[in-house]
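**Q** Residue-level listing of the chains:
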Amino acid sequence: MFSVLKMKKYLGVFYLIALVVIYSTIAAQVPVDATAVVHPPAPVTGLTASDTDSDHGHSITVNWKPSTDDGGGANSVIGYRIMRSNSPEGPFDTVGIVPLGSKTFENSSSIEAGTTGFIPDDTNFYFRVDALTADPAVFSSSEGTGPVHSYGQWFNKGLYPVLWAVIIFTVLTVMFVSAAKKGKELYVRPLAGIEAVDDAIGRATEMGRPILYVFGLGTASDIATIASFTILSRVAKRVAEYQTSLIVPCYDPIVMAVAQDVVKTAYMDAGRPNDYKEDAVHFITNAQFAYVGAVNGIMLRELPATNIYMGKFFAESLMLAETGVVSGSIQIAGTDEIAQIPFFVVACDYTLIGEELFAASAYLGREPLLLGSLKAQDYAKAAVLVLALFGILAVNFAGDLGMAWLANFKELFKVID
Amino acid sequence: MKRQLPLLFVFLFGTFMVVQNFVPHENSERAKDFLNDWTIIIGIFALALGIWSLISVSIDKINKRKPNWEYAFVTLVGLVAMIFFGFTSNVSSSWWTYFASLIVLLIALWLLVQGILGFGAGATRSKEKFFAGIGLGLVFTLIAIFDKSWEFHFYTPEGLENTMFKNFFSNIMVPLQSTMFALLAFFISSASYRAFRARNLLASLLLIAALIVMLRFTPGPWGDLISKTSTWVMNVPNLAAQRAIVIGIGLGMVATALKVILGIERGYMGKG
Amino acid sequence: MELLGIWIGAILTLGIFSFLYKDNPVYKVTEAIFIGVSAGYYAIVYFFDSIYKKFWLGAVVAAEKDLMLYGGAVLGLLFLSRLYSKTSWIARWPLAFIVGATAGLYMMTYFVTNGMNQVASTISDVAQKSDLAGSSWAEVLGTYVILVGVVTGLIYFFFSKEHKGAFGAAAKVGIWFLMVTFGASFGYTVMSRMSLLIGRMDFLLGDWLRIIN
Chain E
1 MFSVLKMKKY LGVFYLIALV VIYSTIAAQV PVDATAVVHP PAPVTGLTAS DTDSDHGHSI
61 TVNWKPSTDD GGGANSVIGY RIMRSNSPEG PFDTVGIVPL GSKTFENSSS IEAGTTGFIP
121 DDTNFYFRVD ALTADPAVFS SSEGTGPVHS YGQWFNKGLY PVLWAVIIFT VLTVMFVSAA
181 KKGKELYVRP LAGIEAVDDA IGRATEMGRP ILYVFGLGTA SDIATIASFT ILSRVAKRVA
241 EYQTSLIVPC YDPIVMAVAQ DVVKTAYMDA GRPNDYKEDA VHFITNAQFA YVGAVNGIML
301 RELPATNIYM GKFFAESLML AETGVVSGSI QIAGTDEIAQ IPFFVVACDY TLIGEELFAA
361 SAYLGREPLL LGSLKAQDYA KAAVLVLALF GILAVNFAGD LGMAWLANFK ELFKVID
Chain Y
1 MKRQLPLLFV FLFGTFMVVQ NFVPHENSER AKDFLNDWTI IIGIFALALG IWSLISVSID
61 KINKRKPNWE YAFVTLVGLV AMIFFGFTSN VSSSWWTYFA SLIVLLIALW LLVQGILGFG
121 AGATRSKEKF FAGIGLGLVF TLIAIFDKSW EFHFYTPEGL ENTMFKNFFS NIMVPLQSTM
181 FALLAFFISS ASYRAFRARN LLASLLLIAA LIVMLRFTPG PWGDLISKTS TWVMNVPNLA
241 AQRAIVIGIG LGMVATALKV ILGIERGYMG KG
Chain A
1 MELLGIWIGA ILTLGIFSFL YKDNPVYKVT EAIFIGVSAG YYAIVYFFDS IYKKFWLGAV
61 VAAEKDLMLY GGAVLGLLFL SRLYSKTSWI ARWPLAFIVG ATAGLYMMTY FVTNGMNQVA
121 STISDVAQKS DLAGSSWAEV LGTYVILVGV VTGLIYFFFS KEHKGAFGAA AKVGIWFLMV
181 TFGASFGYTV MSRMSLLIGR MDFLLGDWLR IIN
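Residue numbers (the working numbering), protein chains in the order written: chain E, 1 to 417; chain Y, 1 to 272; chain A, 1 to 213.
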């Protein structure tokens with residue numbers, strides 16, 4: 001039989017045990033640091049949304065001042081969620097999440113309707129930014145902003161430096177070309193590779209062997225190939241005058257068509273239209289190594305006295321040049337492909353390095369207009385040198401001179417599309 | 001007029017593309033896209049001209065018995081066979097009819113060409129060849145219509161999945177391309193042998209730089225020094241000279257493009 | 001069939017290698033096969049990539065036809081006027097379009113990438129690494145060597161002045177830098193070219209003759 005005192009003692013123990021059990025259950029569901037209850041953070045302020053500048057439209061930029069609990073205060077913000085809606089009341093959809101410290105977000109899409117996330121132009125949108133915490137259920141929304149709509153711009157303001165550079169370069173070119181037209185003498189230093197072309201054509205004539213002209217793998221869209229056309233017209237005219245034969249195997253059919261016109265015109269200009277042979281300029285194939293195999297075969301069978309490589313070349317440059325050495329030809333090469341220039345330098349007798357290929361047409365014709373534009377090129381190079389050196393000095397000494405704006409001089413040249 | 005109008009087109013399209021670069025609006029991007037598409041479409045018509053050039057040079061070589069004329073046959077057979085495979089597919093398990101049709105097509109085309117060329121040159125038996133070619137061509141057409149063992153595909157790219165088309169690519173083109181590429185190992189050795197006879201300071205500089213970079217993976221006591229020197233050569237003088245060349249090339253290209261747009265450089269246009 | 005394919009590949013491989021000895025009938029046959037098959041292959045591939053995918057699907061059978069593509073087709077047909085010499089001058093119009101459009105496009109592209117971005121990189125390289133506190137002496141020295149290399153390299157490419165006197169000396173230093181870069185590029189590609197040969201030997205000795213695994 002339990003006495004009342006013993007009953008009270010047992011009940012007391014029971015209540016104590018119950019309290020311990022209840023407390024443990026609650027404690028297990030609460031984070032270890034029971035004092036870190038997440039409160040909603042301070043919302044972002046100063047929210048603005050505007051059309052993204054200098055773009056093709058379909059893009060809105062949202063800016064805000066970060067929450068005071070981001071990196072300070074309660075330090076509870078882990079990121080921000082940008083929400084968008086077609087009406088101020090909502091419903092709002094998430095369009096982006098950015099990490100803490102962020103102050104801006106660009107909500108953009110492709111110009112093609114029907115793609116995922118497409119943003120139509122001239123359509124009003126409303127934005128809101130939520131400050132997020134580690135607990136997804138705990139966040140603070142900002143005041144909404146809007147209406148804002150996107151639209152495309154007709155000028156990319158980030159390209160002002162490029163615009164000025166293009167204008168200045170064009171003005172320089174026109175100035176020097178006009179000076180050349182007025183008969184002003186324009187000096188250009190001798191280039192060994194260009195001077196060798198005449199001798200090489202003469203050599204071929206004496207030996208009674210043809211001249212091989214190779215455009216490489218360029219298409220009519222490549223500037224190097226366009227420069228090569230002008231060189232070919234000069235070479236073809238001399239070939240026609242000396243009555244030597246010319247072989248021009250082509251990789252690209254459009255290049256073939258242009259080359260045929262160029263060579264035919266050169267023969268007409270030299271007063272020998274009947275000497276022009278239709279199959280002198282022909283298409284081989286537009287497979288890189290099949291083309292090289294064929295040109296190698298031409299070199300070994302026709303044994304040209306002179307090989308001229310002018311244009312865009314890739315891995316086959318060494319194969320062509322080495323086969324030309326085996327066949328005993330004089331070789332003059334010029335390309336803008338930096339990786340292939342070493343092979344031409346090693347295997348050919350004369351090499352036009354990079355920019356010299358583009359200058360070659362002016363050298364061969366000595367036409368005042370072309371020499372004038374070569375001068376403009378040189379002045380542009382000088383400008384590049386001066387600007388680079390000035391920029392280095394500016395960045396290094398801007399602080400000492402107290403001209404902080406000078407330190408950003410190099411930003412003028414950084415163009416990001 | 002025959003030259004002025006195209007030069008005006010060059011100016012207009014060139015200026016448009018320069019201006020387009022500054023205009024981010026989507027209409028400008030769409031215009032650039034369709035100009036790119038036009039270039040691609042024009043390219044395939046130009047390729048037809050190129051193939052025609054290859055065929056006519058090969059046939060001329062055979063007819064005039066120029067040196068190595070026999071190999072032009074092989075080129076023509078390879079060309080016609082690939083085009084045939086690309087536009088057809090064999091749906092039966094037997095290949096005999098398929099290849100027999102190809103042979104009939106080849107002979108028919110050859111006889112037709114010889115007949116047509118013969119008319120112009122006044123050659124004998126050209127009429128017989130021409131009509132024999134027509135006849136065989138009709139045979140081929142009848143086979144194509146009534147024989148269900150193979151099919152033409154002009155409007156769909158099923159020919160690209162043709163077993164023979166894929167086999168010719170993987171067993172002929174791929175080994176040939178890879179082997180031609182592999183020949184570079186021999187060519188680079190012969191070029192090195194000639195180049196490394198350092199006759200002057202410039203050749204010596206080239207030789208030393210090449211040797212340092214070539215030996216950058218050498219193990220052993222000197223390996224680390226060579227590797228560090230190689231890294232320095234690649235990151236310092238190499239970078240400097242590359243930058244100078246790149247700037248020069250860029251300015252050269254811009255100047256040439258400007259000359260083309262303004263009509264100063266017109267050597268590519270031809271006359272007449 | 002696979003074995004036949006390997007044998008054909010091996011014979012053609014050896015045919016190409018025979019070129020190293022001298023020009024011979026085997027190489028000539030291999031070359032002729034290569035030209036014919038590759039020309040036919042790319043004719044088919046480009047036909048289906050450009051006429052079929054772009055034009056046929058985009059402008060003929062599509063529900064929303066892109067009518068602008070017909071402009072390209074018209075220009076392409078004009079190009080075929082070259083087949084007849086009296087009308088071949090018409091082909092200059094599509095050519096003018098291609099040359100003009102790409103000249104305009106590349107002019108801007110290369111102005112930015114080869115011109116302005118290079119100037120920016122040169123300035124920032126020197127600006128970042130010329131501070132002794134932030135870089136080692138070797139890095140600082142290297143930065144100024146780069147600067148000297150860029151300046152003298154550009155001086156070498158001047159066409160308007162003869163390479164004499166101080167200008168000539170600077171141009172000479174420039175060509176030294178150029179020779180070093182050419183040597184470095186040459187040395188850099190030697191190993192990759194050798195590995196191509198190893199790949200082919202692997203095919204001949206492994207897949208074909210089965211001498212090696």
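Careful: at least some of the hints might be erroneous.
[Said to hold, decoys possible] Which residues of chain Y face chain E? A few of them, derived with a C-beta cut under 7 Å, are:
no. : residue
1   : A144
2   : I145
3   : G263
4   : G270
[To be verified] Straight-line distance between alpha carbons at most 25 Å, and here's what the computed DSS-like set of lysine-lysine pairs gives:
no. : chain 1 : residue 1 : chain 2 : residue 2
5   : A       : K65       : Y       : K66
6   : A       : K172      : Y       : K32
7   : Y       : K61       : Y       : K166
8   : A       : K22       : E       : K181
9   : E       : K103      : E       : K157
10  : A       : K65       : Y       : K166
11  : Y       : K127      : E       : K157
12  : A       : K53       : A       : K65
By construction, these hints were calculated from the structure, which means they are not laboratory data. Predicted, not measured: the structure shown is a model, and the values here were computed from it. For glycine and all other residues, C-beta sits at the position ideal for the given N, C-alpha and C.
**Q** Could you run down the list of hints and mark each one as holding or not?
**A** Against the structure, the hints come out as follows:
Interface hint status for Y:A144: violated, as the beta-carbon distance to the closest one in chain E is roughly 27 Å, over 7 Å. Given the 7 Å rule on beta carbons, the hint for Y:I145 is violated: about 32 Å separates it from the nearest Cβ of chain E. Restraint check, Y:G263 versus chain E: the minimum CB separation of about 10 Å is more than 7 Å; hint violated. About 3 Å separates the beta-carbon of Y:G270 from the nearest beta-carbon of chain E, less than 7 Å, and the hint is met.
With a C-alpha separation of about 50 Å, the suggested pairing of A:K65 with Y:K66 is violated against the 25 Å cut-off. In summary, the hint linking A:K172 to Y:K32 is not supported, as the alpha carbons are separated by about 44 Å, beyond the 25 Å threshold. Of the supplied pair hints, the one linking Y:K61 and Y:K166 is violated, its CA atoms being roughly 30 Å apart against a limit of 25 Å. Distance hint between A:K22 and E:K181 is unfulfilled; the C-alpha atoms sit about 53 Å from each other, more than 25 Å.
For the hint linking E:K103 to E:K157, the alpha-carbon distance of about 22 Å falls within 25 Å, and the restraint holds. About 32 Å separates the Cα atoms of A:K65 and Y:K166, which puts this hinted pair outside 25 Å; it is violated. Note on Y:K127 and E:K157: the hinted pairing is violated, with a Cα-Cα distance of about 71 Å set against a maximum of 25 Å. Restraint check: the Cα-Cα separation between A:K53 and A:K65 comes to about 13 Å, which is no more than 25 Å; the hinted pair holds.
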